[in-house]
Amino acid sequence: MGKTAVEKIFDAHQIDNPFEDICVLRLDAVFCHEITTPVAINDLVSRGLDRVFDPGRIKAVIDHVSPAKDSKTALQGKILRDWARRHGISDFFDIGANGVCHALFPEKGFVRPGYVIIMGDSHTCTHGAFGAFAAGVGTTDLEVGILKGVCAFKYPKSMRIRISGELASGVYAKDVILSILGRIGVNGATNRVIAFEGPVVDAMSMEARMTLCNMAVEAGATSGICAPDRTTVDYLWPFIKDDYTSREQALAAFSAYLPDPDAEYEETLSMEVTDLEPQITYGYKPDNVRPVREMAGTPVDQVYIGSCTNGRIEDLRVAAAVLKGHRISKNVRGIVSPATPKVFSQALAEGLLQVFMEAGFCVTNPTCGACLGMSNGVLAEGEVCASTTNRNFYGRMGKGGMVHLMSPATAAATAIAGRITNSILYKG
Amino acid sequence: MSGMKNFDGKVLFLDRSDINTDEIIPAGYLTEIQKQALKPYLLEDLKLSGFDPRRDIDGKSVIVTRSNFGCGSSREHAPWALEVNGIHLVIAESFARIFRQNMFNCGMMAVELPKTDIDRLFFEFSTKPTTLETDLNTMHFRFRADGREAVFPFVISRFDRELVAAGGWVAYADAHY
Ligand code: SF4
Chain A
16 MGKTAVEKIF
26 DAHQIDNPFE
36 DICVLRLDAV
46 FCHEITTPVA
56 INDLVSRGLD
66 RVFDPGRIKA
76 VIDHVSPAKD
86 SKTALQGKIL
96 RDWARRHGIS
106 DFFDIGANGV
116 CHALFPEKGF
126 VRPGYVIIMG
136 DSHTCTHGAF
146 GAFAAGVGTT
156 DLEVGILKGV
166 CAFKYPKSMR
176 IRISGELASG
186 VYAKDVILSI
196 LGRIGVNGAT
206 NRVIAFEGPV
216 VDAMSMEARM
226 TLCNMAVEAG
236 ATSGICAPDR
246 TTVDYLWPFI
256 KDDYTSREQA
266 LAAFSAYLPD
276 PDAEYEETLS
286 MEVTDLEPQI
296 TYGYKPDNVR
306 PVREMAGTPV
316 DQVYIGSCTN
326 GRIEDLRVAA
336 AVLKGHRISK
346 NVRGIVSPAT
356 PKVFSQALAE
366 GLLQVFMEAG
376 FCVTNPTCGA
386 CLGMSNGVLA
396 EGEVCASTTN
406 RNFYGRMGKG
416 GMVHLMSPAT
426 AAATAIAGRI
436 TNSILYKG
Chain B
105 MSGMKNFDGK
115 VLFLDRSDIN
125 TDEIIPAGYL
135 TEIQKQALKP
145 YLLEDLKLSG
155 FDPRRDIDGK
165 SVIVTRSNFG
175 CGSSREHAPW
185 ALEVNGIHLV
195 IAESFARIFR
205 QNMFNCGMMA
215 VELPKTDIDR
225 LFFEFSTKPT
235 TLETDLNTMH
245 FRFRADGREA
255 VFPFVISRFD
265 RELVAAGGWV
275 AYADAHY
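Residue numbers (my numbering), protein chains in the order written: chain A, 16 to 443; chain B, 105 to 281.
Hint data in this document are derived by calculation from the structure and do not stem from the laboratory. Be a bit skeptical, because a hint or two may be false.
[Said to hold, decoys possible] DEER-style ranges, computed between Cβ atoms:
1) A:Ala112 <-> B:Pro144: 32 to 40 Å
2) A:Gly17 <-> B:Thr231: 47 to 55 Å
3) B:Ile260 <-> A:Arg62: 52 to 60 Å
4) B:Val259 <-> A:Gly17: 24 to 32 Å
5) A:Ser270 <-> B:Gly163: 57 to 65 Å
6) A:Ser179 <-> B:Asp239: 51 to 59 Å
7) A:Arg62 <-> B:Lys109: 14 to 22 Å
8) B:Glu237 <-> A:Met16: 39 to 47 Å
9) B:Thr220 <-> A:Arg177: 31 to 39 Å
10) A:Asp290 <-> B:Pro157: 44 to 52 Å
11) A:Leu284 <-> B:Lys151: 25 to 33 Å
[Said to hold, decoys possible] Some residues of chain A that are not near chain B, with every Cβ distance over 12 Å (derived):
12) Ala271
13) Pro306
14) Lys339
15) Gly375
16) Glu398
Model, not experiment: these values are computed from the prediction. The beta-carbon is built from N, C-alpha and C at its ideal position, and this holds for glycine as well.
Using the sequences and the accompanying hints, generate a full structural model.
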């Protein structure tokens, strides 16, 4: 019987099978940020186990609240910074070089097809876009990962989502994943890996695949995964060019992690997206999804463009194309947070930041900030935010605030109108 | 077995599905690096009519709830906020994967019961002061309220039992890997 991509990755990484379906896997990388790692560090210190399994395989960033907003967040940064220095973790990204983890680490070439990666962050599933098994874990799993370079998982079950058709102009990966969430629900993929397949995925850029995989956890999935192909190789080429003689050779090596044609999936869903309209969330759960059209006219107080879902250069290009030549509504605060320093400088070089500023947006440094209601755009009680992020939980961006999730194009159009607006209205 | 936690006590019923970890402990408190500091904020943002965290949590040791408890963020601050309030056991129809693993990784338990059992618990017990006794050896829960008693068998894997016995995954992994 054939195997899925994740089954192949598990087979290649399993170092122990202590019970039934429990697999202890060897980790290729452990990613760390300043919110969930300091408690692990302190616990290791207090147990007399202040060690790391391999400083070269640990990557760390201060991203959630940067620059520090108060003494507590300054201390969290300091604990991570001191620890990285103490253990010689050279891939540590501090202010000036830092950005949102799930945008920064792929950009640095830290993710490869077939890798097993954990991080104390639920959106670690983003990195499945590269054909890796990348899973969010809690602080205890992170702590053991740092110390031993291992993590335990149940042998994976997979769910396949085949996406076919062609996306209409003004419809993006974000609209696809929102519509999937609306269909399968916040519990629809719990304890499974979602394998995203089909011509629409094949045609997507790495950025779009990351947006797709990013929200797999919103359906409860352990991770998302896309098969590595030429697009993956091209993205990674600057980092792997010394390891392979040609792109073809790299692709051949990565094909070890392609699913077999007769692999078994617990469930297969087919989606035809040619008629898909821009999508938006309306409640406090990410599966409360409907077409933007049905929410049109709802007033908003703030528009936020950024995060590990949609703060990459393609997202900023799309939003700037909608904003160009317009000013945002007087009733709206517009905030854009390019996800990484590279995205920031690219947006600067391409004149996108100028477009945002002329439209009336505030441009912030790369950080998570507003996405989880910690800094740089926290909502007041009763306020409404149109946001390109991934969670609309009650109070997520500020106590008593309401969040509507949408694509960067929809967010930009909404900023201009001051009300939820279908971006297609602003096309040419 | 010295690290083993207590799984008996008064029950808090939360009659809602999809309670997420932002509701269990809001992001604003993730700047705390001491678990104890999370104590006053457990379930502060829970959207559930009639529920008042300041009144309803005190003295409770067990939560009984519906499906997909602990979805959303991976923050282990959610189990920790439960732990420092003396709640070491959550019983639900289903859990989000990371939350469930975090509970056992801390030597606590997140146990699934069939929907019919959960429905019965809400129907027969949720309006009365209820206590639970957990028998880990025979894997049974015994609920009591007002002279009424109900026993439910439960299943957790051998791995989960080992984690509970070891007091969590760090101790287990350090001994094995
Ligand atoms: S941008 Fe938001 S969802 Fe992404 S890692 Fe940061 S806080 Fe989490």
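Results for each hint:
1. A C-beta distance of roughly 37 Å is found between A:Ala112 and B:Pro144, which places it inside the suggested range of 32 to 40 Å.
2. At about 52 Å, the beta-carbon gap between A:Gly17 and B:Thr231 stays in the expected band of 47 to 55 Å.
3. The hint said 52 to 60 Å for the Cβ distance between B:Ile260 and A:Arg62, and at roughly 26 Å that hint is violated.
4. Judged by the Cβ atoms, the range 24 to 32 Å given for B:Val259 and A:Gly17 holds: they are separated by roughly 31 Å.
5. For A:Ser270 and B:Gly163, the hinted distance range of 57 to 65 Å is satisfied, since their beta carbons lie about 59 Å from each other.
6. At about 52 Å, the CB distance of A:Ser179 to B:Asp239 agrees with the hint of 51 to 59 Å.
7. Take A:Arg62 and B:Lys109: their Cβ atoms lie about 18 Å apart, and the range 14 to 22 Å holds.
8. In this structure the hint that B:Glu237 and A:Met16 lie 39 to 47 Å apart at CB holds, the actual value being about 45 Å.
9. At roughly 35 Å, the beta carbons of B:Thr220 and A:Arg177 sit within the given window of 31 to 39 Å.
10. Range check, A:Asp290 to B:Pro157: about 45 Å between beta-carbon atoms, so the 44 to 52 Å window is met.
11. The supplied range of 25 to 33 Å is met by A:Leu284 and B:Lys151, whose beta-carbon atoms lie about 30 Å from each other.
12. Once the 12 Å rule is applied to beta carbons, A:Ala271 is consistent with being away from chain B; the minimum gap is 26 Å.
13. The Cβ of A:Pro306 sits about 23 Å from the closest Cβ of chain B, beyond the 12 Å cut-off, so the non-interface label holds.
14. Listed as outside the interface, A:Lys339 is consistent with that label: its C-beta sits roughly 34 Å from the nearest C-beta of chain B, beyond the 12 Å cut-off.
15. Remark: the non-interface label on A:Gly375 is consistent with the geometry, its nearest Cβ contact in chain B lying 28 Å away (cut-off 12 Å).
16. Against the 12 Å criterion, A:Glu398 stays outside the reach of chain B, whose nearest CB is about 15 Å from its own CB.
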